[in-house]
Amino acid sequence: MSDFIHFRPMTEADLNAVLKIEYAAFSHPWTRGIFLDSLKSYNCWVMFEGEQQVGHGVINVILDEAHLLNITVKPESQGKGLGYRLLDHLMKQACLADARECFLEVRESNQAAYRLYERYGFNEIGRRRDYYPAAGGREDALVMACTLLD
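Numbering (full-length UniProt numbering), first residue to last: 1 to 150.
These are calculated hints, taken from the structure and not from any lab test.
Note that the structure is a prediction, hence the values are computed from the model and not measured.
Not one of these hints is a red herring.
Simulated restraints, written as ranges between beta carbons of each label pair:
| id | residue 1 | residue 2 | range |
| --- | --- | --- | --- |
| 1 | 24 | 134 | 17 to 25 Å |
| 2 | 24 | 111 | 17 to 25 Å |
| 3 | 79 | 29 | 15 to 23 Å |
| 4 | 127 | 51 | 37 to 45 Å |
| 5 | 108 | 13 | 30 to 38 Å |
| 6 | 119 | 75 | 17 to 25 Å |
| 7 | 100 | 20 | 28 to 36 Å |
| 8 | 97 | 121 | 15 to 23 Å |
| 9 | 126 | 50 | 33 to 41 Å |
| 10 | 52 | 147 | 27 to 35 Å |
| 11 | 13 | 41 | 12 to 20 Å |
| 12 | 84 | 29 | 19 to 27 Å |
| 13 | 28 | 124 | 15 to 23 Å |
| 14 | 119 | 33 | 26 to 34 Å |
Derived DSS-like pairs (lysine-lysine); straight-line CA-CA distance at most 27 Å:
| id | residue 1 | residue 2 |
| --- | --- | --- |
| 15 | 74 | 20 |
| 16 | 92 | 40 |
| 17 | 80 | 20 |
Where a beta carbon is used, it is the ideal one built from N, C-alpha and C, also for glycine.
From just these sequences and the hints, can you work out the full model?
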């Protein structure tokens, strides 16, 4: 992995590359419309390895609570620690906005993401039944939380 990892706020001009990564990474990806709405209301970031866009994330902060809405790393760039670096960047942005805690939902079947969140310090606090669309119907979401500031 290159040490030249950098981040910048996402813009509408990034969406073609964002959607290419999103559609490669997920069976039920976010749409252009969801990202356009997110750009208006949330903190949206893109991650680069050198000049190549390799990931993106969306976080919402209201008062002292953050909610991680999307975190995606290009499939061929996974397994190199980039997800952890992107998550850390998003959590630092939440802290800068005075968030004390962060919440997220993760598909029960997405064990790689679950392990990443656990490694970062998230703990499972609940379950949302039938939260996500899935090939066979619906899938539960595991709700996780992490304390950011004491």
